[in-house]
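Protein chains: 4
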Amino acid sequence: MLEELKRRVYEANMELYKRNLVVYTFGNASGIDRERGIVAIKPSGVDYTALSPERIVLVDLKGTQVEGDLNPSSDTKTHCRLYREWKEIGGIVHTHSRYATAWAQAKRTLPCLGTTHADYFYGEVPCTEVIGDRAIEKDYEEETGVQIVNAFAGIDYRFVKAALVACHGPFVWGADAAEAVYLSVMLEEVAMTGFFTALLDPKSTGIKQSLLDKHYLRKHGKESYYGQSKES
Amino acid sequence: MLEELKRRVYEANMELYKRNLVVYTFGNASGIDRERGIVAIKPSGVDYTALSPERIVLVDLKGTQVEGDLNPSSDTKTHCRLYREWKEIGGIVHTHSRYATAWAQAKRTLPCLGTTHADYFYGEVPCTEVIGDRAIEKDYEEETGVQIVNAFAGIDYRFVKAALVACHGPFVWGADAAEAVYLSVMLEEVAMTGFFTALLDPKSTGIKQSLLDKHYLRKHGKESYYGQSKES
Amino acid sequence: MLEELKRRVYEANMELYKRNLVVYTFGNASGIDRERGIVAIKPSGVDYTALSPERIVLVDLKGTQVEGDLNPSSDTKTHCRLYREWKEIGGIVHTHSRYATAWAQAKRTLPCLGTTHADYFYGEVPCTEVIGDRAIEKDYEEETGVQIVNAFAGIDYRFVKAALVACHGPFVWGADAAEAVYLSVMLEEVAMTGFFTALLDPKSTGIKQSLLDKHYLRKHGKESYYGQSKES
Amino acid sequence: MLEELKRRVYEANMELYKRNLVVYTFGNASGIDRERGIVAIKPSGVDYTALSPERIVLVDLKGTQVEGDLNPSSDTKTHCRLYREWKEIGGIVHTHSRYATAWAQAKRTLPCLGTTHADYFYGEVPCTEVIGDRAIEKDYEEETGVQIVNAFAGIDYRFVKAALVACHGPFVWGADAAEAVYLSVMLEEVAMTGFFTALLDPKSTGIKQSLLDKHYLRKHGKESYYGQSKES
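Chains as they are written, first to last, in this note's numbering: chain A, 1 to 232; chain B, 1 to 232; chain C, 1 to 232; chain D, 1 to 232.
Keep in mind the hints are simulated off the structure, nothing from the lab. None of the values given here were measured: they were computed from a predicted structure. A portion of the hints provided could be inaccurate.
Which copy is meant is left open, because identical chains are indistinguishable; a pair holds if it fits in one copy or across any two.
Here are the simulated DSS-like cross-link-like pairs (lysine-lysine), alpha carbons at most 27 Å apart as the crow flies [stated by the list, open to error]:
1. K77 with K107
2. K107 with K219
3. K77 with K222
4. K138 with K214
5. K77 with K214
6. K208 with K219
7. K222 with K107
8. K18 with K219
9. K203 with K107
10. K203 with K62
11. K219 with K138
12. K138 with K77
13. K107 with K208
14. K77 with K62
15. K208 with K222
16. K219 with K62
Sequences are here, hints too, so could you generate the full structure?
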């Protein structure tokens, strides 16, 4: 069932591979059918070159498998937690993309250092706290989702669609799996440029609010004027 | 109309893509027909893989669209401002190329750290002031052009054909769109090598004037002897 | 003889080349037939584009050549020493991959800075002592193996399947040549991300034990739940 | 005339391009016929994609053109000076390869930081003095050759076949153009790894003499045992 969703989740996973954000079996993309409460996700530990729409696994919102011969991604519970917490997201991506992961490993929030960042993320991309020992023991992947949600106290997940999980790597979301992939590419792009910027200007804390507003809002929101909205 | 100009602007945009200076819809190249006062520019938010000569948009020197089904680049007014200010340029390119953008985000002028830089840019590539709040509110893209022009007080735009817009990224120009693309590649090259140099030698301020003169003038100007001038 | 082993060692070497871990004739992969005590290894100084299964050289566990027209890799004795010391390994890879080599040249152990590292290596990847002058004179390649084994005092080679040889580069091992190649790719990945992390957070010493345990053990050991174990 | 030499010089130039050491018209490779005292070199400012064996230019040892429709490389006099000074070299390459150029721009000698460097260069790769104003005025390209030779006081050019020209970039030489290209690739490789090493370990000054001797001499000299010497 849900052939169309599985096909789109498959394509999102393959785009991760083509965009060089993953090696071998790293990373995973998922998408949700909100009406049925079913999540389609990459199988665990399968090489991208061996992936097909049929191998995409279906789980319910608690992470229980409902279709597929293969085990779902080991990060499935993190995805499901985010889908349950945040009703307006339709796709999630997790990668170990190099520069975003470096910021996460340094346990540093990624500041908004330029207009490219502002075009896609409305402010800094938060880094979570390091997960506690009890949370690791209890239910590690579920609790990783909790950490992400906690990092968004005071931040609207609809305007900053990415988080850095401390010591781990990025999670990114969007309206569907394709948008989550697209924003994963952008996150890596700004994490890379931000890394270079941090070395050239170690004290940099980010651009001013007026410039952030201008760039984010000319692309998003009611008065946006970027792109071809008349087409859509 | 202006089929030849549109074709050349299309090709310049595609060269940006092939040279890996842009991802997805980033960046834009334009060219001008000085006689008619018409600028050809990339449409806004269109993926390079979906571009064609027919989709290139025509605007007048104030940025008003005169042909094309798609909206012009959101940076159109910046291009037009530069074309109005600087009569001897025929093409402009804007990218978020990684190393040039890092210098811009660090709000640092790119010093001339070696002869490769001197071969193409006659001295440091200036970084603008951060744009003021009133300018952002008034007419952001137009005022970005003003910032660039202001950064060239005391610098001849015909010998240094690039600027770093603070917190944003590079703008590069030339005799036509093709030259602006070519110099965008060179700017990224020297921004990259300059980044490595800055890490190996943080106090470096640049090469001496006599070496800058030698390299720039052996390639450009009346007594140049680089290349195959007898061919042209 | 041992056509199948030679074919698999050939393929492992070619994977090094495809994964961009080697240039020209750098690096080498080997595999062992434990029953016969025969090691198959890349010939010395042969370009990857000129390699074939037939050109793979066979040596005994002392490094004496038993088959092949070409000389074996100059690192053969290092491989043989490791095979003799560590009975549970079936494949070894040596490269000069860039980031792992940089850590080795800096004579720095690679700390476990994130969960990607923890997924593949159970703790820091040790860096050997700089080899002594007498050991260089006596039997350099053999003694390089000794240095590696010495660096594993207190570390189990079955859980950390890689070493950095000071001033030199990485050696990696596994159940067979293919696993050693796979882990070489992973080592380069975490050495790269670790390099970026070290620049963003110079005081970082690595993730906590509970997180290391969680990630390593969910992929390896009796209670692992990553991947498709039911398939194998 | 000298069709074979021109073909080999053409191929050496194309290898620079394939190995990503040059962009557009950067760089040049030359080779010499010692008997006739004729040097074959890339034409000036010609794109690699437009190169052919017929377009390779012939000059005598003073740099005077003796064959070819195109002007020779603007660096021709530097090549000729080195051929006149150092009788045992048969090929020369100049590039602006990124990491080697960064060291040159930082005016820093490249120390021998690891065994990969020691495999190909017998000690540090020297960086010249910054060229004097009078030398620039007098005969810039010729004097660049003089700078390189001066940097080799106390260093044997037959064992360290590369120099960094301060504020400029690398020159590399060898038995023929092909070896000079090969060593240019290796120089870039060790300049890159050396750059990473310098950031991880800023005080590093290089490996000890015994290790340098071991690696250089196992590949070169009378008692070398690397590779397939019995084949040649």
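Structure-based check of each hint:
1. K77 with K107: within (23 Å within a copy, 40 Å between copies)
2. K107 with K219: For K107 and K219, the Cα distance is within 27 Å only across copies (24 Å; inside one copy 29 Å).
3. K77 with K222: between (34 Å within a copy, 21 Å between copies)
4. K138 with K214: between (44 Å within a copy, 11 Å between copies)
5. K77 with K214: between (37 Å within a copy, 15 Å between copies)
6. K208 with K219: within (17 Å within a copy, 41 Å between copies)
7. K222 with K107: Classified as neither; 35 Å inside a copy, 31 Å across copies.
8. K18 with K219: Intra 26 Å, inter 25 Å, cutoff 27 Å: intra and inter.
9. K203 with K107: both (17 Å within a copy, 12 Å between copies)
10. K203 with K62: For K203 and K62, neither the intra-copy (43 Å) nor the inter-copy (39 Å) Cα distance is at most 27 Å.
11. K219 with K138: between (41 Å within a copy, 17 Å between copies)
12. K138 with K77: within (13 Å within a copy, 48 Å between copies)
13. K107 with K208: both (23 Å within a copy, 13 Å between copies)
14. K77 with K62: Cα proximity of K77 and K62: one copy only (7 Å, versus 51 Å across).
15. K208 with K222: within (22 Å within a copy, 46 Å between copies)
16. K219 with K62: Answer is between; shortest inter-copy Cα gap is 22 Å, intra-copy 35 Å.
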